[in-house]
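Undergrad: Chain residues, written in single-letter form:
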Amino acid sequence: MNLFAEAFRWIVDPSHWTGGPDISGHLLEHLSVSAYCVVIAVAIALPIGVMIGHTGKGRGAAILISNVARALPTLGLLSILILLFGIGLLPITIVLVILAIPPMLAGAYAGVESVDKQTVDAARALGMSELQIIFRVEIPLAAPLLIGGLRACALQVIATLGIASAFAFGGLGIYLINGLATADYTQLLAGAILITVLALIVDGALAVVQRFVVPRGVALGRTDPNGHQKRARAPRPRVLQEGMQS
Amino acid sequence: MNWVWIGDNLGLIGGRILEHLALTAPPIVIGLVLSIPLGYAASRSRVARSILLSLGGILYTIPSIALLVLVPVILNLAILNPLNLVFALSIYAVAIMVRSAADAFASVPRDVVASAAATGFSGRQRFFEVELPLAIPVLLAGIRVVSVSTVSIASVGALIGIDQLGSFFTDAFQRSFLTEAIVGVVAILLLAALYDIVLSRIGRALMPWNRKQSAVMASPKVSTVPLGGSL
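Line by line, the protein sequences give chains R and C. The opening residue of the first sequence carries number 1 in the working numbering; numbering runs sequentially from there. The opening residue of the second sequence carries number 1 in the working numbering; numbering runs sequentially from there.
A few of these clues could be false.
Here are a few chain C residues that sit away from chain R, every Cβ distance over 10 angstroms (derived from the structure) [what the hints assert, rightly or not]:
#1 Pro82
#2 Ser90
#3 Arg126
#4 Val151
#5 Ile160
#6 Thr170
#7 Ala181
To give a feel for the contact side, a few chain R residues facing chain C, derived at Cβ under 8 angstroms [said to hold, decoys possible]:
#8 Leu3
#9 Pro73
#10 Leu75
#11 Ser79
#12 Val120
#13 Ala122
#14 Ile134
#15 Ile158
#16 Leu176
#17 Leu188
#18 Asp203
#19 Ala205
#20 Leu206
#21 Val209
It is worth saying that the hints were derived from the structure and are not from the lab. Using N, Cα and C, we set each Cβ at its ideal position, and we do this for glycine too.
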């Protein structure tokens, strides 16, 4: 446990936070690259997933994609693309987007698909157009599962970026790789703690968002026979929870 | 693709496949065995459920490269000890399987358990002869997911110097040799498929009453997205 104390001292050491490539710089790099990869993945996967959930077409393909993605080793994908494109941000971005799409896709279609068909029929009977049904009925009701997909997608990206440091990417994984290379266990452990804390904070923040996006009507509807209100729950769909994360 | 290299190194490839098998089989078994009592407890008590599932969620959130470095410090093992990888993979396996197992036991119809009790089954008999067999379909779906992700995550062990198929990726990068990386990815995908096939065979053998139905029937509670599926 002494090593942990040393690692914490290393993390809070001001000299590791200022000047040159410091913790704040690597953290920023990790976060910004994660963010734009997640944005790209969501832009691709969300519309497709919602359409699959709405129409029910292409479900088999989506399941196949998420199963294959679970088996794909991130380290292998990274090494192949870096050998093909050379060291740089492009191959890393491609790998991250490839790995981030399946959980978002699964969240989107499982979410939309989980919306009660009678509710959708009722909306249709009221004269809503298909687009209105998607945007005003299905997406709001699926919101917790959509955020669940985003959660899995963000975790996947943050974890994979940690590995990308082995292939000349900055980010927080750099402390792990440097620590391993120089057998500096304090730095190694500090790097592991930093990445873990980042993942837990991002996941926790999105979990809070997930609580808040439960439509009010749904939350109100969850009362037990005695009229006591139950806390709105926003479970992650199993498939997301279990999606492979590197 | 450099086929000559593959031909010359069949021994090395076979050896790494065996190492990979040896490192991934124990975590899968450990995940299943530990998740059964934990999942059963979670299906019985609301408090146990929320504690166990949140704990699983947190453990599962730890990025693999970080966990691989944390484990040797916690266990006080040398960093190159392969047990570190087995332990880290077991943590992930249990973290995923607890949820599956909790759902599996929750999927057993209460009426069936009640009739077993009424027929005079003891608590232990009810568990081993009624609840456990009826939980198999969902347990099976869970363990298939675990096996596939375990095989794939194990490759990260190469970064801390534990030899298995993932070592092909770090070697390939250092030597700029694409063939090696492709061999590694293909071998991992094949190994994952092998695990999936073996596990579904075992599942079929354990559930003779399901043999005539389709393979996807298995999971009543997870019907939105069949978890196992073929690769």
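Undergrad: Hint by hint, note whether the structure agrees.
TA: For each hint, the structure was consulted:
1. Pro82: At about 16 angstroms from chain R, C/Pro82 clears the 10 angstroms cut-off, so the statement holds.
2. Ser90: C/Ser90 clear of chain R: closest Cβ-Cβ about 16 angstroms, beyond 10 angstroms.
3. Arg126: holds (26 angstroms)
4. Val151: Label violated. Min Cβ-Cβ 7 angstroms, cutoff 10 angstroms.
5. Ile160: Per Cβ check, C/Ile160 is inside 10 angstroms of chain R; nearest 6 angstroms; violated.
6. Thr170: At about 7 angstroms from chain R, C/Thr170 fails to clear the 10 angstroms cut-off, so the statement is violated.
7. Ala181: The claim breaks: C/Ala181 does not keep its Cβ more than 10 angstroms from every Cβ of chain R (closest is about 4 angstroms).
8. Leu3: Because about 5 angstroms separates R/Leu3 from the closest Cβ in chain C, which is inside the 8 angstroms limit, the hint holds.
9. Pro73: The hint holds - R/Pro73 has a Cβ within 8 angstroms of chain C, the shortest such distance being about 4 angstroms.
10. Leu75: holds (5 angstroms)
11. Ser79: holds (4 angstroms)
12. Val120: violated (15 angstroms)
13. Ala122: It is violated, given that the least Cβ distance between R/Ala122 and chain C is near 21 angstroms, above 8 angstroms.
14. Ile134: R/Ile134 check fails; min Cβ-Cβ to chain C is 18 angstroms, beyond 8 angstroms.
15. Ile158: holds (7 angstroms)
16. Leu176: holds (6 angstroms)
17. Leu188: holds (5 angstroms)
18. Asp203: holds (5 angstroms)
19. Ala205: Constraint on R/Ala205 not satisfied, violated at 12 angstroms.
20. Leu206: Since the shortest Cβ distance to chain C is 11 angstroms, the answer is violated.
21. Val209: violated (16 angstroms)
Violation of the numbered hints given earlier is confined to hints 4, 5, 6, 7, 12, 13, 14, 19, 20 and 21; the remaining hints are satisfied by the structure.
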